[in-house]
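*Asks:* As you go down the protein sequences, you meet chains P and Z in turn. For the first sequence, the residue numbers in the numbering used here are 14 to 209. For the second sequence, the residue numbers in the numbering used here are 54 to 236.
Since the hints were derived computationally from the structure, they do not count as laboratory data. One or more of the hints may lead you astray.
DSS-like mimics (lysine-lysine), calculated; alpha carbons at most 27 Å apart, straight line [stated by the list, open to error]:
(1) Lys32/P to Lys167/P
(2) Lys15/P to Lys140/P
(3) Lys167/P to Lys127/Z
(4) Lys180/P to Lys15/P
(5) Lys79/P to Lys15/P
(6) Lys127/Z to Lys79/P
(7) Lys167/P to Lys29/P
(8) Lys161/P to Lys29/P
(9) Lys180/P to Lys29/P
(10) Lys167/P to Lys15/P
(11) Lys32/P to Lys127/Z
(12) Lys75/Z to Lys79/P
Each chain is listed here by its residues.
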Amino acid sequence: MKAILHRREVVSSLLKNRKGLLVVAGLGSTAWDITAAGDHDLSFPLWGAMGQAAMMGLGLALAQPKRRVLVITGDGEMLMGIGAFATIGVQQPANLTVVVIDNARYGETGMQATHTAAGVDIAAIAKASLFRNTMTVTSRDRLSAVGKLIRQTKGPNLAVVKVVAEKIPLVLPPREGALLKARFRRALLGPSADGI
Amino acid sequence: MPPLKNPPASADWPQQIHAELKAAGIRIVAYVPDGGHKRLIELCHADRAMRAVVLTTEEEGIGLVSGAWLGGEKAVLLMQSSGVGNVINTLGMVKECRFPLVTLVTMRGHEGEFNPWQVPMGQATRVTLEAMGTIVHDASSAEAIQPTVNAALRLAYNSYASVAVLIAQHVIGIKSFQDQSAK
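The shape of chain P in the complex, shown without the other chains:
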């Protein structure tokens, strides 16, 4: 089935009224997507460490059990660290949701087909890895269900959102890793972020 959703609209819609939501975005297009939706101190866009977005989310979720944590990443990035599903499944973080923006392409390297283009089912892998709720979304009217997963539903949760493979303008977040780390910790932890 041909995807009809556009990634920037999907991500903007999921991050609308984000309030205290803690967000990690995977290397590449999803880091640009969350920036296009509005750069935020409580966003951590990854510029490297491909495959680690979901594990960053797990670490954050375990450290902050009272906050909701959202990982937004691409299908290629998630596939590189797919073992993280099993690790998350064992830990059962109730406050973690992973959203995979799936265009079935490696978008930053020439739009080569990923494994999902051949039918590999990321939501099925998550379900088999003990995620509590999983869904694959192809239409706009299902985005509110994803929003509910992110904000309310006991996790771990995973949603795959199928999107059009399109080349769109880059919207780049700050680049310096130490800055991204420090601003996130200050916004979350206040002055204690700078203590030991």
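The hints should help you fit chain Z onto chain P, whose structure is shown.
*Replies:* Chain Z in isolation, oriented as in the chain P frame:
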């Protein structure tokens, strides 16, 4: 046989590491199992104030430790020397972001190694870590482990550094496949 009256202080170095981790406020211990870390992993699982997280591969631990630090929590990573090869690219994030990281590595491929396939990565462990900006501390005897882990924790969290402690193979004392499977 009656128990030794005065067992050497070094005999229970896994317990000493566990005590150091607790004293440093470590609440999450991520690991890929290794025979050399068996007892420490058991101690961490048994400690209700700690969460021991089993990983499918070592680089997951770099993501986990980094995410935990973003959330204000300290986590450490346990692995065998072969795992150092798996984390190379992710150490780039640790360096760029200056995430504090303590990695406790049990060595293979060194003194008396019996599995030739362990030797290449074991011999390359130090240079690999150093090439990626991780500071390497050696714990070359059982007595050295506790103070070395203590120093590594202080260096990492006071200076936002990535520090690895290499626990020497002769301290771990696995000399054959039979030893390994009997652990």
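*Asks:* State the violated hints by number, sorted upward, taking the hints as numbered earlier in the document.
*Replies:* 5, 10
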